[in-house]
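**Student:** Each chain, letter by letter, is given below.
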Amino acid sequence: MNDVGAELASHPFAAGLTQSQLDRLAAITSSIEVQAGTRLFEEDGQATSLWLIRTGQIALDLHVPGRDRLIVETLGPGDELGLSWLLPPARWKFGAVAQVDVSAFELSSAAVTGLCESDHELGYQLTWRLLGTAIGRLQAARIRILDLYAPPSPTAGSSS
Amino acid sequence: MTDCRYPVRYRISSRVEETHDTVTLTLEPADDPIAAFRPGQFTMLYSFGVGEIPISVSGLPGGPSLTHTIRSVGAVSASLCAARPGQVIGVRGPFGTTWDDADAAGRDLLLVAGGIGLAPLRPALLSALAQPARYRRIILLAGARSPAELVFAAEYDQWRERGAEVGITVDKADASWPGQVGVVTQLIGRANLDPAGTTALICGPEVMMRITARALTGAGLPSPSVWISLERNMQCGIAECGHCQLGPLLLCRDGPVVNFGVAEPLIAVREL
Amino acid sequence: MATAAEHPARYRLTAAGLEDLHRALASAGYRVIGPRVTRDAIVLGELKSASELPFGWGVSLSPGGYRLRKRDDPAAFGHSAGPGSWKQFLHPPREKLWSASRTADGMVLDAETDPEQPDKLAFLGVRPCDLRAIQIQDRVLGAGAGHQSAYARRRAAVFIVVVNCTEPGETCFCASMDTGPKSGPGYDLLLTELVTEADHSFIIEAGSQDGQEILSVLPVQAADAGSLERADSAVADAAGRMGRSMRTDDIHELLAASHHADRWEDVASRCLTCGNCTMACPTCFCTTVEDVSDFSGDHAERWQSWSSCFELDFSYLHGGPVRSSGVSRYRQWLTHKLGTWHDQFGSSGCVGCGRCIVWCPVGIDLTEEVAALRAERDVAAEFEDTE
Chain A
1 MNDVGAELAS
11 HPFAAGLTQS
21 QLDRLAAITS
31 SIEVQAGTRL
41 FEEDGQATSL
51 WLIRTGQIAL
61 DLHVPGRDRL
71 IVETLGPGDE
81 LGLSWLLPPA
91 RWKFGAVAQV
101 DVSAFELSSA
111 AVTGLCESDH
121 ELGYQLTWRL
131 LGTAIGRLQA
141 ARIRILDLYA
151 PPSPTAGSSS
Chain B
1 MTDCRYPVRY
11 RISSRVEETH
21 DTVTLTLEPA
31 DDPIAAFRPG
41 QFTMLYSFGV
51 GEIPISVSGL
61 PGGPSLTHTI
71 RSVGAVSASL
81 CAARPGQVIG
91 VRGPFGTTWD
101 DADAAGRDLL
111 LVAGGIGLAP
121 LRPALLSALA
131 QPARYRRIIL
141 LAGARSPAEL
151 VFAAEYDQWR
161 ERGAEVGITV
171 DKADASWPGQ
181 VGVVTQLIGR
191 ANLDPAGTTA
201 LICGPEVMMR
211 ITARALTGAG
221 LPSPSVWISL
231 ERNMQCGIAE
241 CGHCQLGPLL
251 LCRDGPVVNF
261 GVAEPLIAVR
271 EL
Chain C
1 MATAAEHPAR
11 YRLTAAGLED
21 LHRALASAGY
31 RVIGPRVTRD
41 AIVLGELKSA
51 SELPFGWGVS
61 LSPGGYRLRK
71 RDDPAAFGHS
81 AGPGSWKQFL
91 HPPREKLWSA
101 SRTADGMVLD
111 AETDPEQPDK
121 LAFLGVRPCD
131 LRAIQIQDRV
141 LGAGAGHQSA
151 YARRRAAVFI
161 VVVNCTEPGE
171 TCFCASMDTG
181 PKSGPGYDLL
191 LTELVTEADH
201 SFIIEAGSQD
211 GQEILSVLPV
221 QAADAGSLER
231 ADSAVADAAG
241 RMGRSMRTDD
251 IHELLAASHH
261 ADRWEDVASR
271 CLTCGNCTMA
281 CPTCFCTTVE
291 DVSDFSGDHA
301 ERWQSWSSCF
311 ELDFSYLHGG
321 PVRSSGVSRY
331 RQWLTHKLGT
341 WHDQFGSSGC
351 VGCGRCIVWC
361 PVGIDLTEEV
371 AALRAERDVA
381 AEFEDTE
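Residue numbers (this note's numbering), protein chains in the order written: chain A, 1 to 160; chain B, 1 to 272; chain C, 1 to 387.
There could be a bad hint or two in this list.
[Stated by the list, open to error] Output of the computed footprint for chain B on chain C, the stretches with three or more beta carbons under 8 Å from beta carbons of chain B:
1) 94-108
2) 130-138
3) 310-317
[What the hints assert, rightly or not] With a cut-off of at most 20 Å between alpha-carbon atoms, the simulated EDC-like pairs for lysine to aspartate or glutamate come out as follows:
4) C:Lys48 x C:Asp72
5) B:Lys172 x A:Asp119
6) C:Lys96 x C:Asp232
7) B:Lys172 x A:Glu7
8) B:Lys172 x A:Asp147
9) C:Lys182 x C:Glu205
10) C:Lys96 x B:Asp3
11) C:Lys70 x C:Asp178
12) C:Lys48 x C:Asp119
13) A:Lys93 x B:Asp174
Treat the hints as calculated values from the structure; they're not laboratory data. Keep in mind it's a predicted model, so treat the numbers as computed, not measured. Beta carbons are placed, not taken as given, at the ideal position from N, Cα and C, and that holds for glycine.
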C-alpha cells in the first residue's frame, strides 16, 4: 500500500490532493500490469472500475458486424479509463482493449463511491477531476464531429 | 530575377499519390528557375487553360526543384492532381512570409499539423532535422481524418530516426490502426512541453489552428511564441489585387505565416 | 513670348491660351484627356481641342445626387466629382496580362509583341485631390515587384496639368484629408482659374522639366501681383468652404476598434453592395484575374479586370465567401479605405473627393458614417467610465 501511495502521488490524477487524501485513495488502489491485446471490458458489461493509466495505450472500441472494430478514442499515460459507472445503469458504453503492454492503477467503482460518500471533501476533489476529464473529452469529440479535415463542400462558383 | 507576374514553366519530374485525393508533384525548371523559396512560402501554380491556385511549397529548400502537395478540391487542383510526369505547368513566386521568422534557435521547436497542413510545415521540419544542433527538442504532432488520409506517412519513422518526436493521431479509425485516435490538441498534454522554452508552428484548417493555438496558450505558451499559416482568396501574389486582405494584413505579403499575437484578434472577428 | 529666364515662375495665361496648351501637348505627342460634358454628366475623355472643355458648366452635388447646371460665368473647371476618375487611364478596367499556347508537353508563354508602349497621355484638369489619388495608386501599383509594371510604364508616359480648386463641391472634403484645395507637388503644370466679369484667365506654373518645356512655348504674360493675390486667396478661401469635413486624427484607432460597432448594421441596412463607390473612387484598385481559353483549347489568356470588395465572391475561400453579409463587406470597404490602408500603404486611401457620396444610389455619406462610429465609441466609453 505504501508503494502504491508513493507511485500514485506522481500520477496527474492525484496532483493537488493532500497527503491524507492520497493515503485514503491509495488504500483502495491497486497496481496492475496488462498485456498487449488484453480486453479490459466489453461493451454493455457491468461498469465497476476506474483505471488511471500509467504507461501504454488503451483503445475504446465498438464492434460492427462485417467490419473491423471502430476505435472511438485512444487513451494513454495520465488518462483515466472508465467513467460509465458514474451514471445508471452503470454499463460500459464501449469496449476497452490494451493496444500495447499497459501499466495502470485500478480502483473499484464501489470503493470510489463509498470513499466519496464518507469523505465529502475528497469526494469533491475526485468528482472535480472526473468532470474535467469528461468536459475535455466532450470538447475534443465535438471538434472531431466538425470533421475539419474534410474536403470543402462544393458550392456554385467553386473554381480552385 | 524572374518577374513574378508571369508563370515560369516547370516540368513535372515525379508524381506521388499521398492519399485518394492528394498528390505530391516534384517540379524541375524548364526555363530559368524562380527565386529560392523559404519554408512556409507558397507559389501560384498554373494549369494551362484552367487557372491558378496558391499552393505552399512542401519540400526542402535548396536546389532548383520544387515540391508541392496538392489536394483535389476544385477545377484547378483536380487538373494539377491529374497531371503526369513530363507535363509542363506554370509557377509564379515564391510569395509570402516564412516559418524562419519564428526564430526558434536554442528552443524546443513544436510543429502541429492538421490534415494537409502538414505539407506547408514539412519544409520547416526538414530544415530543422538538417541542423538539429540548432534546437533542443523537435516535436511534430499531426492529426488527420483517418489513417488513409495521412500525408507523408512513409516518412514518419525516418523523421523519428533523425531525432524528431513524432505524435500522430486520427479522428476516426478501425482496429487495424495501432496508433492514437483523438483530436490533435489531445496530444499536447502528453508532449510535456516547456511553455517558456517552446516555439510552436501550426498549420491546418483555420478552425483547427485557432483551437490549437488557444490550447497552446492555455498550456502556458505566450502568444508571440506561436505562429500560424493563414489563407485567404489569393490572386496576384504581389499585393496589388486586394483579395487576400485580413484587416491590416495582405496575406501574400504579410503572410501566410503570421504570429499568433498579431493574428489572434483578427481571426476572432467574424467575417473579417 | 515670355521665357522662364526673363520672368518669375508664375505666369498668366488667358482662357484662349488653353487652346495653345492643347496644341502644344498634341504637338509633343500627347493625347489630351480632360473633362467634357456628355448628356448628363461631366466625364473624362479625349479632347480634340480645348473648346471641348466644359466652359460654363457646373454641378450640384448631394448624397446620391448629381446634376449638371449652367454657371453664370464661363469657368472651365468649376465642377467636381464626375463619375470617372483618372484611374481608368492608368489602371484600365480591363487588360490582358499575358497569353500562352499549348505545346506537346504543356505550354509556352506567347512573347509580348513588345512591352506595350503606352500612349502618351496628357491629363488636363486634374484636381489636387485626384493628383493625390494618382500618387496613392502609385504606391500600391507602381512598386512593380521588382519589375516595371504596365501601370508604371503608363504612369511614366503621363503629363499632368493640375487645376487648383477654388470652388469646392457640396460633397468635397479635401481639406480634411489634406489633399487640397491647393495642390501638392507632382504636377507638370499647375493652373489656377480666375474668372471675373471682365476677364477669364489662369495663373500657370511649371512643376517639372517637361512642364517647363511646354510652358515655354505658350503665350503667357507675367502674372501681376493682383492676379496672383486673387488666385491664391481664392484657393485659400476654398479650404473654408468645403461641403463636408471629416476628423482624421484618431481615425486609424477608431476603425481598428470598430469591428463590433452597431453602426455597421445601420449602414448595411441601407447599402445595396452595388459597388458604385469602388468604381467611382479614384484610389480603389482591386482587380480580379480571369483565365480564359478559346474553343480549340490551344490558346489561353489571363485577363485582369476591376473588381470590388462588395462583390460576394471577392473573398471566396474553400466553398464560400469569408465576407458574406452586407455588414462585413461595407465594414471592409470603409475600414480599409480610411484605416488599414495606413497599415498596408502608409497613408489614408481617401482623398476627400466625395465621389462615393455622390454616386451612392442610396446616398451613404462616409463622413457621416465615421462621425456616427466615433459618437458610438464615445458614448460607450462614457458609459464605461461611469460604471
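**Student:** Please work out if Lys96 (chain C) and Asp3 (chain B) have their alpha carbons no farther apart than 20 Å.
**Tutor:** With a Cα-Cα distance of about 16 Å, the restraint between Lys96 (chain C) and Asp3 (chain B) holds, given a limit of 20 Å.
**Student:** With a cut-off of 20 Å on the C-alpha distance, tell me whether Lys96 (chain C) and Asp232 (chain C) pass.
**Tutor:** violated (44 Å)
**Student:** Just to make sure I understand the rule, a stretch counts as covered if three or more of its residues have a C-beta closer than 8 Å to a C-beta of the chain. Does the region 94-108 of chain C meet that for chain B?
**Tutor:** Check passed, 9 qualifying residues.
**Student:** Compare the distance between the alpha carbons of Lys172 (chain B) and Asp147 (chain A) with 20 Å, and conclude whether the hinted pair is satisfied.
**Tutor:** holds (10 Å)
**Student:** If you draw a straight line from the CA of Lys70 (chain C) to the CA of Asp178 (chain C), is it 20 Å or shorter?
**Tutor:** Distance of about 30 Å is beyond 20 Å: violated.
**Student:** Are three or more residues of the region 310-317 of chain C within 8 Å, CB to CB, of chain B?
**Tutor:** n = 4 at 8 Å, threshold three: holds.
**Student:** Do the alpha carbons of Lys172 (chain B) and Glu7 (chain A) lie within 20 Å of each other, as the hint requires?
**Tutor:** violated (34 Å)
**Student:** Please work out if Lys172 (chain B) and Asp119 (chain A) have their alpha carbons no farther apart than 20 Å.
**Tutor:** Roughly 40 Å separates the two Cα atoms, so the pair is violated.
**Student:** Taking only the CA atoms, is the gap from Lys48 (chain C) to Asp119 (chain C) under or equal to 20 Å?
**Tutor:** holds (15 Å)
**Student:** Under a C-beta cut-off of less than 8 Å, do 3 or more residues of the region 130-138 of chain C approach chain B closely enough to confirm the stated coverage?
**Tutor:** violated (count 0)
**Student:** Taken at face value, is the distance from the CA of Glu205 (chain C) to the CA of Lys182 (chain C) at most 20 Å?
**Tutor:** holds (13 Å)
**Student:** Assess, step by step, whether the Cα of Lys48 (chain C) is no farther than 20 Å from the Cα of Asp72 (chain C), and give holds or violated.
**Tutor:** violated (25 Å)
In summary, the structure is inconsistent with hints 2, 4, 5, 6, 7, 11 from the numbered list given earlier, while agreeing with the others.
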